[in-house]
Amino acid sequence: MSRPLSAVDCIALAFTQTKKQLFAPFRFSRWARLALICLITGESAGGGGGVPSGNFNFPVSHPRDGKSLFAIPNFDWGKILPWLPWILAGVVLIFFLILLWVYVASVFRFVLFDSVLHDRCQFQGCWTRWEPCGRSYFFWCLALFAVVMAGYAVVIGVPLLIAWRAGLFHHPGEHIGGLILGGAALLFLVIA
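Numbered per the numbering used here, the sequence shown spans residues 406 to 597.
Rather than coming from a laboratory, the hints here were simulated on the basis of the structure.
Where hints are given, some of them may not hold.
Ranges between beta-carbon positions, derived for each pair [what the hints assert, rightly or not]:
id, residue 1, residue 2, range
1, R534, L505, 17 to 23 Å
2, H523, L594, 15 to 21 Å
3, R534, L592, 23 to 29 Å
4, E448, L505, 51 to 57 Å
5, C546, V413, 32 to 38 Å
6, D481, I567, 32 to 38 Å
7, F433, F550, 35 to 41 Å
8, F550, F574, 27 to 33 Å
9, K484, R525, 52 to 58 Å
Built from N, CA and C at the ideal position, the CB exists for glycine as well.
Given these sequences and hints, build the entire structure.
In structure tokens, the structure reads:
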């Protein structure tokens, strides 16, 4: 009967397996396929938070007529209405493409795990083998997204609605202390 591996033994085996996959021997075609899978699953997007470095400043408008910064701008709906069906079609198309990308990335996440675990990176038969697991993971991601958005709507939306009903946004200059304290409390509540 063999004794179970300790944590140190598992780490040593993981390092040995990693060295073998990386360098013994180096296979360019395998790395090209792994890079494609990582692009599909979005593994290359980690680390920086997606924020570009440098001097990127958002344009800020400063009201000169004493109106609130929170005022809704006046749109010329006569010019926008003829384009509204195209705008809505574009929004629906973008939403559909994002859902399609998330679905494909959910399936290929399992292909990536299989590639790393078994030291093989094959595209033949991978979709049919991992599609049921990827579909289940896709629906789990959608459900998690819905729960998180509902939680944010409650945690952020209810305090903002209370502040709006109390009149804090009608004349923000008069309530600057309350807005700063409320914003800080809301930030810590969202972080928690």
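Results of checking the hints against the structure:
no. : hint                    : result
1   : R534 - L505: 17 to 23 Å : 20 Å, holds
2   : H523 - L594: 15 to 21 Å : 44 Å, violated
3   : R534 - L592: 23 to 29 Å : 44 Å, violated
4   : E448 - L505: 51 to 57 Å : 18 Å, violated
5   : C546 - V413: 32 to 38 Å : 35 Å, holds
6   : D481 - I567: 32 to 38 Å : 34 Å, holds
7   : F433 - F550: 35 to 41 Å : 37 Å, holds
8   : F550 - F574: 27 to 33 Å : 29 Å, holds
9   : K484 - R525: 52 to 58 Å : 57 Å, holds
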